[in-house]
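S.K.: Sequence:
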Amino acid sequence: MNGVSISPLMVAEPISGYNIGTMTEERWVEVLVDNPGVATDDSAQPPVPGIRAEEEKLYTYRVPDGLEVKAGDILSVPFASQILGGVAIRLLRQPPTNVAVNRIRDIEDVVAKEFFRDSYWKLMERVSEYYFTPLIKVIRTALPPGLLGRSQSRIRLKPENIPNGAEVFLDSAAREILQILKTQQNGDYSIKFLRPKVRGFNRGKKQLLQRGWIESYLELPRHSRPKTKPAVTLLEDGSYLELTKRQQEILKVLRDNRGDLWLSELMEICKTTLPTLKTLQQKGCIAIQDREILRKEQSPDIAADRAKTLTPDQTQALETIVSLNGFATVLLHGVTGSGKTEVYLQAIDPIIQQGKSALVLVPEIGLTPQLTDRFRARFGSKVDVYHSALSQGERYDTWRQMLVKEPQIIIGTRSAVFAPLPNLGLIILDEEHDSSFKQDSPIPTYHARKVATWRAELENCPLVLGSATPSLESWIDSNSQLPHSVETRLIASLPNRVNSRPLPPVEVVDMRQELQQGNRSIFSRKLQAALQELEERQQQGILFIHRRGHSTFVSCRSCGFVMECPNCDVSLTYHYHEGEEAQLLQCHYCNYTQIQPKSCPECGSPYLKFFGSGTQRVEQELAKQFPNLTSIRFDSDTTRHKGAHRDLLTKFVNGEANLLIGTQMLTKGLDIPQVTLVGVIAADGLLHLSDYRASERAFQTLTQVAGRCGRGDDPGKVIIQTYTPEHPVIEAVEKHDYESFIQVELEQREALNYPPYGRLILLRLSSVDAIEVQNAAQIIAVSLSSGEGYEILGPAPATILRVANRFRWQILLKFEPNVLPKMPDWEQVRQICPSSVSMTIDVDPLNMM
DNA sequence: AGCACGCCGACT
DNA sequence: GTCGGCGTGCTC
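Counting from 1, position 530 in the first sequence corresponds to residue 530 in my numbering; the numbering is continuous, with no gaps.
Treat each hint with caution, since some may be false.
Unchecked claim - Simulated pairs of lysine to any residue, SDA-like, Cα-Cα distance not exceeding 25 Å:
1) K70 - Y130
2) K158 - L194
3) K227 - R497
4) K735 - P566
5) K57 - S838
6) K382 - V335
7) K308 - S391
8) K822 - R806
9) K609 - R640
10) K252 - A287
11) K206 - A287
12) K113 - K308
13) K651 - R640
14) K57 - D109
15) K814 - S690
16) K822 - I771
17) K526 - S613
18) K822 - Y757
19) K624 - C603
20) K308 - K526
21) K192 - L220
22) K245 - L220
Said to hold, decoys possible - Here are the simulated distance ranges between beta carbons:
23) H688 - K296: 52 to 60 Å
24) T315 - Q281: 27 to 35 Å
25) Q185 - K296: 20 to 28 Å
26) Q298 - E750: 27 to 35 Å
27) N591 - D188: 27 to 35 Å
28) Q316 - N591: 44 to 52 Å
29) P350 - Q82: 45 to 53 Å
30) L820 - L67: 42 to 50 Å
31) L820 - N591: 26 to 34 Å
Treat the hints as calculated values from the structure; they're not laboratory data.
Beta carbons are placed, not taken as given, at the ideal position from N, Cα and C, and that holds for glycine.
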């Protein structure tokens, strides 16, 4: 049996030094409540470590007899008419003076025992400060979902109290409520759902309550709880007691299994029933107790694997990392296929030996199956994954498991940077240039790389940033004049691939010439020849296209009308569904879907034309021109369900298809040795995006996708198709020349004060009312002049003004480098912003659309 | 979530 | 002058 006992979770020191009193003494606790309202405060609070009193309001509660509360516990507290989650901040021996004692309420429950250590609290506070986010919201993102529970109030129909035909005497609101309630079997709905559906809801509800036709009740928060299973333990040998033969047999089975079995296992082996075992329990021979079990993502069994021999470059990089004692960051710049993962594995090994834990952060879950398998092969059950695709139970259990002091390795995405590992010895952030480490919404709009840097500093451990195409931020740390800057920064390089394999040659094809010479296919003659060769040799390849779907827009040949999304200012993408009669048009911003019309809705012409190509189109064209080549489509349409990534990749690795056709998703860390061809169908979609980061992103994506080939014994080849072969990004990718590309790019950024030189803060404003946002943006822009050290760009409408029926405006603050700025008065800005307009402050924005 | 409070427009 | 709608702030 493999029960895991998670005993004292206590890894933390109390946040404050207050001792709790005895059971008879009255005890109070100050709580940071997860209150949906804005956390602004006027009254002065006593200073509490870890809490900025001027911004976060604390509420005092009484601790009832029979409950033990410590600082750092997650609590359930009554708040007005609801039950909310909260964090115990500090204990008081005396009641507070600023609030009447008779108004103080009792704590409802302790949900989780304390776990916040000093350094963890400091991390929370630093994130809160840097990203202008209330502390409780930072805590909310750091904790597994469902831990800070919230009650829900609901109403329920009481049909037995409703006389026939009496509805006529009610007003319209009450009648509407009744009507909705009756649509459901048990007439039960949440207030949250009903209120926006009925005008004058409060009035109507009051009427119905007075007559007793409905009742209201509070649904208590459903917290994640440990899953338990009954287990049987042998207590007494039992030989001196008078036992039946049957009972003795059962005890023998238990004894043979080291005196411990799951109840279900024991009943199965002995073919016995629960009453029989209960009798044994009464005689004091055995104990039946619930024991915690861990819900974990099931992974296939993996053959164990030993450390590989390193190249001299790898050895040097490894030495740089393992020689570090305490905080430092190492940028591991290794070309694609240079064996960064092996360096990670060998860097983690001594950390585990020392009894410490390691945190490995990866961009997206798409690439984790391969990486996770390699870690499991090396470290076995010490490896756990943590990401948002886990079920709530799995996430909660893994999170609790992390609190145990045993050395472990956690592999996770962005949010795992908050993994509460008590003795962290190393943080690795792989593919550090990847933009999925940045959260766009909700606040805090944190970048896991930045948070990881702070975390490493606070835990006093090294941080390794790995990439073949490092971000400009990591390449030069320009922020040294800002607080929390990196003090020790090292670079380790892996300039060559393992086993002396060369980087694949990159050929650029000018698609303008193809067209001139009469080739109207989406495949150039060079790519066609390469595909032909692939077919003859039965090899495998990858085709990359930057969009999913079939065609990027559908337009009428007669009148030029373009099919557009009714909710967003974008054209609809055509999606082809094989075997279906009707084909669909889909919006990639709000997911609006409609059937492809047979004729133009504007002029009625039946001649509709599809422009631009996506993954589906490539798939179709391939099937048409190369019927003998088989393919797998790998994009967010085909990898949506759980385990789909792994399934599709396994099929490909097993040689069940010649080609993998996909989007960005397949640029990320895929390591399949037999790939000998990479084709980029159209690089132009990547090159001409309108923000200051477009070149950097295009270079990274193209280099990464090119790096997927030639990793095995057969040499590889990359073909990039484009209409602008003279573009500097294309030239740099062709020459595999990261350093000169980055030099040019850095010079341009410096000239314009863009990151990594000047910092940016983006204010995003949106509303259903087009005029209201625009006005709000104007007023806010004016109020932003209260600060100093930055330039205000805008307000300007967002690149796509309307998404999901909301109009979006933005204001960009560009900070001068080398000047400590005076921030605008955000509190004032928030007050100026009307409630109908939603505003988010995006610090260090990556996505400017 | 739900109540108190306060502002403003429609009616006695 | 008063009633009742709804927008805003507060809850230990």
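S.K.: A separate judgement is required for each hint: does it hold in the structure or not?
M.R.: Cross-check of the supplied hints:
no.	hint	verdict
1	K70 - Y130	28 Å, violated
2	K158 - L194	17 Å, holds
3	K227 - R497	46 Å, violated
4	K735 - P566	44 Å, violated
5	K57 - S838	23 Å, holds
6	K382 - V335	29 Å, violated
7	K308 - S391	35 Å, violated
8	K822 - R806	32 Å, violated
9	K609 - R640	29 Å, violated
10	K252 - A287	15 Å, holds
11	K206 - A287	53 Å, violated
12	K113 - K308	42 Å, violated
13	K651 - R640	16 Å, holds
14	K57 - D109	21 Å, holds
15	K814 - S690	17 Å, holds
16	K822 - I771	31 Å, violated
17	K526 - S613	19 Å, holds
18	K822 - Y757	17 Å, holds
19	K624 - C603	32 Å, violated
20	K308 - K526	38 Å, violated
21	K192 - L220	15 Å, holds
22	K245 - L220	49 Å, violated
23	H688 - K296: 52 to 60 Å	45 Å, violated
24	T315 - Q281: 27 to 35 Å	60 Å, violated
25	Q185 - K296: 20 to 28 Å	36 Å, violated
26	Q298 - E750: 27 to 35 Å	50 Å, violated
27	N591 - D188: 27 to 35 Å	29 Å, holds
28	Q316 - N591: 44 to 52 Å	49 Å, holds
29	P350 - Q82: 45 to 53 Å	50 Å, holds
30	L820 - L67: 42 to 50 Å	46 Å, holds
31	L820 - N591: 26 to 34 Å	44 Å, violated
Comparing the model with each earlier hint shows violations of hints 1, 3, 4, 6, 7, 8, 9, 11, 12, 16, 19, 20, 22, 23, 24, 25, 26, 31; every other hint is respected.
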